[in-house]
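Protein chains in written order, with my numbering: chain A, 969 to 1283; chain B, 1469 to 1968.
For the record, the hints were derived by calculation from the structure and aren't laboratory data.
Every value quoted in this text rests on a predicted model; they were computed, and no experiment measured them.
Treat each hint with caution, since some may be false.
To be verified - Interface residues of chain A toward chain B, partial, derived using beta-carbon atoms under 7 Å:
hint, residue
1, P1005
2, I1011
3, P1034
4, L1103
5, I1107
6, P1114
7, A1147
8, D1178
9, K1219
10, P1222
What the hints assert, rightly or not - Derived CB-CB ranges, DEER-like:
hint, chain 1, residue 1, chain 2, residue 2, range
11, A, N1206, B, G1658, 31 to 41 Å
12, B, Q1758, A, D1097, 46 to 56 Å
13, A, E1278, B, T1859, 54 to 64 Å
14, B, L1943, A, G1280, 55 to 65 Å
15, B, G1930, A, M1138, 55 to 65 Å
16, A, K1075, B, V1875, 35 to 45 Å
17, B, D1754, A, P1114, 48 to 58 Å
18, A, D1274, B, G1895, 47 to 57 Å
19, A, D1097, B, N1927, 57 to 67 Å
20, B, V1875, A, D1078, 36 to 46 Å
21, A, R1047, B, A1686, 34 to 44 Å
22, B, T1850, A, K1075, 37 to 47 Å
23, A, R1047, B, L1943, 50 to 60 Å
C-beta: ideal position from N, C-alpha, C; glycine also.
So the chains spell out like this:
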Amino acid sequence: MKIMKLAAITMAAILPVTSAFAGFPEKPVNYVIPFGPGGESDITARHQQSFFKGKFGQDLVISYKPGGGGAVGWSQLNRMKGDGYNIMGINLPHIIVKPKQKNVGFKTEDISGVYMFHYTPDAIVVNKDSPFKSLQDLIDHAKKNPKKTIFSGSGKGTANHLAQVRFDKMADIKTTYVAFKGTGKAVAALLGSQVSAEWGYTSVGAKHSDKVRMLAVAMEKRHPKFPDVPTFKELGYNLVSGAYRGIAVPKSTPEAIRTKLSTMIQEINADPEFQKKMENDGMAMLNVDASEYDAFIKKMTGIYLDAAREGGIIK
Amino acid sequence: MIENLLQALTLFHVALALGGVIAGTVIGSLPGLTATMAVAVLVPITFSMPPASALILMGAIYTGAIYGGAYAAILLNTPGTPSAIATTFDGFPMAKRGDGDLAVTLACLASVVGGIVGAVFLLILAPPLADVALAFGPVEYFWLAVFGLTLISALSKGNLLKGLIGACLGLLLSTIGVAEISADVRFTFGSEVLLGGIETVSALIGLYCVPVLIDLVATSDKHLKVTHAPKGFRLIEALQISWTHKFNLIRSSVIGTLVGILPGAGGSIAGLVAYSEARRTSKNSDTFGQGEPEGIQATESANNATVGGGFIPTLVLGIPGTPPDAVILGALLIQGVRTGPSLFAGDGSIVYTFIFGLILATVLMLPTGLVIGRYAYKTIITVPKAMLVPTVSFMTMIGTYSIRNSVSDVVIMVILGVVGWLLNRAGYSPSPIVLGLILGSIAEQGFVQAWTIGSATDNLIGMFFGRPIGMAIILFIAATFFYPMIRGYLIGMRGNPNED
């Protein structure tokens, strides 16, 4: 009886709030990308942009706040107005690893995530004419020549780097990872044969399909665009990883709005047209909504921090 | 090809090219509003266009913005975009002595030549030239940055020590913030303001523009000397100068194209390298830095040539040559256009229509650039100081803020401005500092990457000194570094033929 009463009071408290936000969004929504324009975070946001307008009748206005590998934007997230009209892109492993390295102005738990909508799976990419025909070729070479198999990749403490650290351990090999500023330059180093292979993403395989091939992708199942490329799992290595992207709101945003936003992003994600565009670019869809966000971050934190410690990125 | 040319000349495309160039020139002339931003703002508009039209519009804005950067460089000593840094070296001295109108017209001619040379390379040689971009590994970028740093000896005439101190300051500034490739947080002193590092454009505005503004307030002199009533464009005069130094224009345009091809180098380095080469090979190398028209020609043709050059890796390899190219590439991806050599082969209608559109936009830059340039010059010389200073100050704040939507950058800009003014009074010029800031991170990345690869393969010396392109750059470094001494020696020999 008491519980019923409590539930009734709670309902009464929540209901008017929900209905007050029923018309959301009533004006354009400001979508901040904490990176510069032209990167994958930007491109995937641009994909969402047109669907958002089509489904909810309001513009999604994209702006950029680059700096510090995203840290500048995230450190200012909670100072923005929490009315649902300010949302910001979030990226894993960045928001988990960065705050553990040093004080970067925010903590992982400061970020109030709304939805994780896709990830770009890690993949080992080689040139078309590379002597490595299969993942086993690469592992054999690395076993015989410790440290001499050189990978390019985007940044340190990033998805690419952590995948390298984890895979070296799983396959019991020692390879060298060279960090480049962004995927574009890591690919250029691969195409120019400055390195033997790249720890890249499935999107690299999609974008440069005429020049490169992938030895394996870090997904649960094969990517629909690349039915011939095996997953690491199939080959006996339990590696499912990549750059995960989602959306967060300032902490002060009412829960009802956070939930509403979560269903809106979900609705875009469920659109087959949107999925087709994303998968064509080499992305993999992901659906982690507002209620599952905390558990997801907790799970990923364990995996990433172990790898980061292994790789000497954090102490 | 003819078909593509005709497609590029439809009324719609001519209108896009013209509108794009005008908008780009105006945006580029405002300090802080960069080509990257101009293109990024446009992206949503291009979604509703066919890919070739979208490319023409973005290409036109981009090329206009690179040229527009010259106005602020010449008339206010403030590079409107990073590409125009080296334009300040001779542009502002020319304006100071009353030749601002001539300098603006020269810059316009040079930009058109550079733009066309870059676009022609893109048209004819794109796929083979894209391989050049790939031949450049980390160690080559490292040496290229060092080559850029040798310019300090040229920029700090009379006082090399102060130049070197300035460069060291710049190198130190470049290490602030989250390091690009090691992800270390350095020299932020626990402050969030410094987390994002010193943003290049805000540093440019602070170090170059703020001292000019302070001096304007502190002295009763007019901003620019006006020796004559503005008399037209001074086009004939500018054409004569351009014709006399046509080899400088062509050489600088080729340098600009080649540097533009290298992802991670960009317009600022193209301008600096072209400037350095023009100065080294010119008969008038002593007047460089004091208002030498050849200096403006070199930098302005080179930076506009990077537009065409930068599109080469962007369209052939899908790897952006310059920051605005990254935005354009993103827009193309969303349109569903796949880049690659196939774009250029067979039914390459999109790409050839675009290249002709880009050439069209560059040609249209001549009349529009002259008119806007003249208007900008007239405005700057006629507006009273009491209005000029607050207006420009306001623009610098807005411009600096808008780069990363960051108040921290405005704070850093103002502090660097005051520091720059004090250093200026002590005889330290801003250019070595800026050079250190821009080249520091490129050199650092190249060095760390080359060192990692070199030590993993047990071949450090071969990595740094055993690669052909790297060796060629080292030779250029040696030539630039030792040339003043050798030249002095030669002049000494020739100057005293009857000595013994």
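Going down the list of hints, with the structure as the test:
no. : hint                          : result
1   : P1005                         : holds (4 Å)
2   : I1011                         : holds (5 Å)
3   : P1034                         : holds (5 Å)
4   : L1103                         : violated (20 Å)
5   : I1107                         : violated (17 Å)
6   : P1114                         : violated (10 Å)
7   : A1147                         : holds (4 Å)
8   : D1178                         : holds (5 Å)
9   : K1219                         : violated (17 Å)
10  : P1222                         : violated (25 Å)
11  : N1206/A x G1658/B: 31 to 41 Å : holds (39 Å)
12  : Q1758/B x D1097/A: 46 to 56 Å : holds (54 Å)
13  : E1278/A x T1859/B: 54 to 64 Å : holds (56 Å)
14  : L1943/B x G1280/A: 55 to 65 Å : violated (39 Å)
15  : G1930/B x M1138/A: 55 to 65 Å : violated (33 Å)
16  : K1075/A x V1875/B: 35 to 45 Å : violated (22 Å)
17  : D1754/B x P1114/A: 48 to 58 Å : holds (57 Å)
18  : D1274/A x G1895/B: 47 to 57 Å : holds (55 Å)
19  : D1097/A x N1927/B: 57 to 67 Å : violated (22 Å)
20  : V1875/B x D1078/A: 36 to 46 Å : violated (20 Å)
21  : R1047/A x A1686/B: 34 to 44 Å : holds (37 Å)
22  : T1850/B x K1075/A: 37 to 47 Å : violated (55 Å)
23  : R1047/A x L1943/B: 50 to 60 Å : holds (53 Å)
Violation of the numbered hints given earlier is confined to hints 4, 5, 6, 9, 10, 14, 15, 16, 19, 20, 22; the remaining hints are satisfied by the structure.
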